[in-house]
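Colleague: Could you slot chain B onto chain A? The hints should help.
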Amino acid sequence: MIVWRKLSGSSFSGLVIAGICLFLVSQSAFSLEPNEYRQFMGIDSRKLVWFLAQLHLFFGAFVLGVPLFAVIIEIVGWRNQDAKFDKLAYEFTSLLSVAYATTAALGGLLAFALFTLYPTFMGYMAGLFKDVMFMYAMLFFAETFFLYLYYYGWNWLQGTHPFSNTVQRTCKALGVAVIILSVVFFFNTFGIDMRGDTKSFITLLYILPFGVGLLLIRDAKSTHVLIGILLNISGVGIMQLANSWAGFMMSPAGVDEEGELIGGLWQAFENVLATPLAIHRMLGNLAFGGLVAGAYAAVKFIGAKTPEEKAHYDWMGYISNFVAITALIPLPFAGYYLGREVYSQSAVMGNNMMGGDFSWTFIIQAILVGSLFIISNYYLWSGMTRIPGSERYYKFIKWILGALIISFAIWLTPHNLPLTAQEVGEMGGSQYHPTLKFLGLMPAKNAVVNLIILSTFFSFLLYRRGNKVDAVSISAQGTLPKAVISLAGLAAIAITGQYAVTMLTMDPAELDLPMESAHYFHDIGYVLLAQCAAAVIAVALALWDRGKLAQGVFLAVTAFNVVIFLGVYGFVVMEKASPLLRNVAVSQFLQLISCLILVSAIDMFLFKGAKEIGSLQWGKMTVRSQYSLLLLTFIITMNMGLMGFIRSGLRGDWHIFGVMRDTSQWSYTPSNYTMTEMVSLAVLVFMIAVAFMFWLGGLAARNKGTESGETGSDTAGVRDV
Amino acid sequence: MSKTVLKVFVVLLVVLGAYMWVGYAITEMTGGEKKASGIVEISPEGGEQIFWGKGRCFTCHSMGGQGSAVRCPNLGQFGEKFPLPIGARAVERAKERSEETGIDYSATDYLVESLAKPDAYIVDTFKNEMAIVYAPPISLNLKEIKAVVAYLQSQGGEVDIDTIEQPSEVAVQYYDRIAAASAAGGGDPGNGEEMFVDTCSDCHQLNGEGGEVGPDLSTIGDKGLKFITESILRPAKKITPGYETYVVVDAEGIKTIGLKSQETGAEVEITKATGEVVTINKSDIKEIEIDEGASVMPDDLTEALTVKDFQDVLAYMMMQKSEGEQQ
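From first to last, the protein sequence lines are chains A and B. Take the first sequence: its letter number 125 is residue 516 in our numbering, and every next letter is one higher. Take the second sequence: its letter number 108 is residue 109 in our numbering, and every next letter is one higher.
Misleading hints may appear alongside valid ones.
Unchecked claim - One side of the interface only, derived from the structure: several residues of chain B facing chain A at Cβ under 8 Å:
1) V6
2) I27
3) P137
Just so you know, the hints here were simulated from the structure itself, not pulled from any lab data. Don't be surprised by glycine CBs; every beta carbon is placed ideally from N, CA and C.
Looking at chain A on its own, in the form it has when it is part of the complex:
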């Protein structure tokens, strides 16, 4: 059941090997008879494939996440003309070359294992997806090309001498054309029948970035940025193609009950779970890439001999963590979306997820995710010790910690668990605990997950203003802040307002609810309208130089709406109009996002150029804080393994849900202990391999440094983001 879990690893099978295997088996006829299974040296085939796939996925996530991360940092450095960011981006990219080869080698090994040990299954998949598999191979070549051009062309494409006007104009025209194309595509003008999420994914992650990249071209450096964007487009493309196979195994589409393709290949490719999975993986990989890079910085910091080295790696760790947290914040919502789609695909799979075989696994997951947020906050608070003046904000930490711990406790409270008759008796004959039963329900969990994110965001706000004496007048900063804050306000209003309209106009019958339940929809709509009103007030206050008050008002309204009001109201909705609960969750998410956007926009200008009590003292961090960065990396890696176990295990005893049964001797759901053993082994081997790769990278850098006469780290003048 768990075998095929990482078939969808984000990238890079050993193409030659896979190609040969594909050729050999793609003609195999699919059979409803028991499938053929083989073993290698008597090893449990499922565990072997599980281990290889998990390892391949870790490396795949790394080589997908790090370039995303590197290009973002390169763009920040390029736009701010700060060479330190550019250097940092290059340092991260240099980690990729060895990882890339290892990922490809592991992909080859995995492909060998799959094709030789599970020939019937792979024969079927290769027959069905042969076109997609060849596209995958082509994209692999594209990614290789762009990666090496990006890495080896770094110095070559550093120039800022403008290209001729003709070249610039041509690129701009092409960029505009591609952006128009993205809009046309998004609004379905081509008449392509496609799911909304797939269309958004393709528009936002492929077409639009390419168009923007073309628009930016004016010199060699901006061309390098475009190459970085193309590198990421091909990486994400590889991930999406492979995800379609994993999604298909859970939600097959376009095939009949004998496994024959009866629809188009597109249907099989764009199955229900393919895009939700891709969105979740995309964010997860970005967070993972950031944290692995952060671990690298932490190890370097711990071993650093000089203050300069410490300063450099402290800053590197901070940036890595910042990017990771940015990706981590929307991840629970992407997970919610994926879970919802799993439930819509099959209620049995959905129930089994959090209320069946995997309920305890989800409790372990809650512990891991809660730990990620708490440790991230701890890292930020530790970082405040290097900021003179931040002592003023220490008093808030205990409250934030309290909120996080309570939220964490609620999050991992199960609704119900396997109990003995004696335990039921001790709880007064009920299977629910009299008090805790409420905390195990989704409304409580939705409320606290939002509180965890708001608290983390609040920590970040405190961190940013740690050494600033006072806010700066926004009205005196020219038109840019006014425009940005107003636009952010409009975005916040658009995000929440459109959903308010949806809630106020929605027919309850759409959710199989009677007309009498319309007022529940309206109540949610009014809350969203209140959020819009708060956004208007916050923008007005910010433009009227009351930025802190604006942030306070909007944060308070959001916290009240999202955590308190909708947290409690969620129980009412659950009791009276249960199908509406998912809309409550969406409204909470939208309000939270609107809050993050507007408050961040105000914060960008509130302390811009403000008088400082002292400069950030990079490097003056405790070693403990670096271990917290390492812990974050370990935990996210373990969590990836765990979540893969759940996702894959949900299929039960099916290789392809409802189409091809797992008739092997390993057709059962392994215990949680087996899961932790397998994941731990994969994590350990991955970390050893990464340490080795980093060591190799360091060796290469030292050799390069010796050849060019460079010594030490360039650490002066590092800046915050």
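Modeller: Frame of chain A; chain B shown alone:
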């Protein structure tokens, strides 16, 4: 640096050790691997294994103090709401059901109905969240479902294997439903019926309802799964006599393709796939012939169906049998 790396790996090992310890502790408490059982013996023991294993009934139902699921009614004696275990409760529920429908229900009929068509008679304050147990991923076969019925009867009721094996008129329709669904790869005939009404009934009749463009499907189940599957996937492969596709070309060269629904001495009436009826004077016809490689039935129909929809329709079609073919 090597010392640092060593320290880091010690931390990693501690973290992984804690992780495995949590996994171990949970497994000790909740049991190990979950293997689907393949019991087919129709007995309370066989049913118990299905209930707590392959059938996944425990995900939503508890049995008194055993289990912890609360999504659906507790099937044991539990609190004020459930004073009787399901075996005894089924007798009461069957009486209520008989009063409601005017059809005589036995306890066995009630239990069979609850498993085969859970939305038929829902327990107050609960909603129908039960999965179709004979569809994937659970995919119980008829024998396994009968075993579960025996197990439920054993909970405070009388186990009556004879009634299970020789079903009443009420139960037999559900047995047909389950058998049809199993044969069709585990489709849900209820959903299949809806799909049929939405997609097929404009052209096909079923028990006197529906269009007349295509053949009447009231006894299509007699022809077997393979025939039905092929007829949906490749409708042109074998066309029912009388439903051949005609291509008529008139004097102006205009082609009309469809069924020859009527023919008189002077006119030919062609019914197109859209349902539109075109009457053509024989004197205007330049050419008329049967296209053996084509069917009026859309051959891209399956593109609009998911695997589940397809299986559901198949299951519903498999249930459409003539009197003689019914069990």
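Colleague: Next step is simple, just say for each hint if it's right about the structure.
Modeller: A quick look at each hint next to the structure:
The interface hint given for B:V6 holds, since its Cβ lies 6 Å from the closest Cβ of chain A, which is under the 8 Å cut-off. For B:I27, the interface hint holds, since its Cβ comes within 8 Å of a Cβ in chain A; the closest pair sits about 5 Å apart. Interface hint status for B:P137: upheld, as the beta-carbon distance to the closest one in chain A is roughly 4 Å, under 8 Å.
Of the numbered hints stated above, none is contradicted by the structure.
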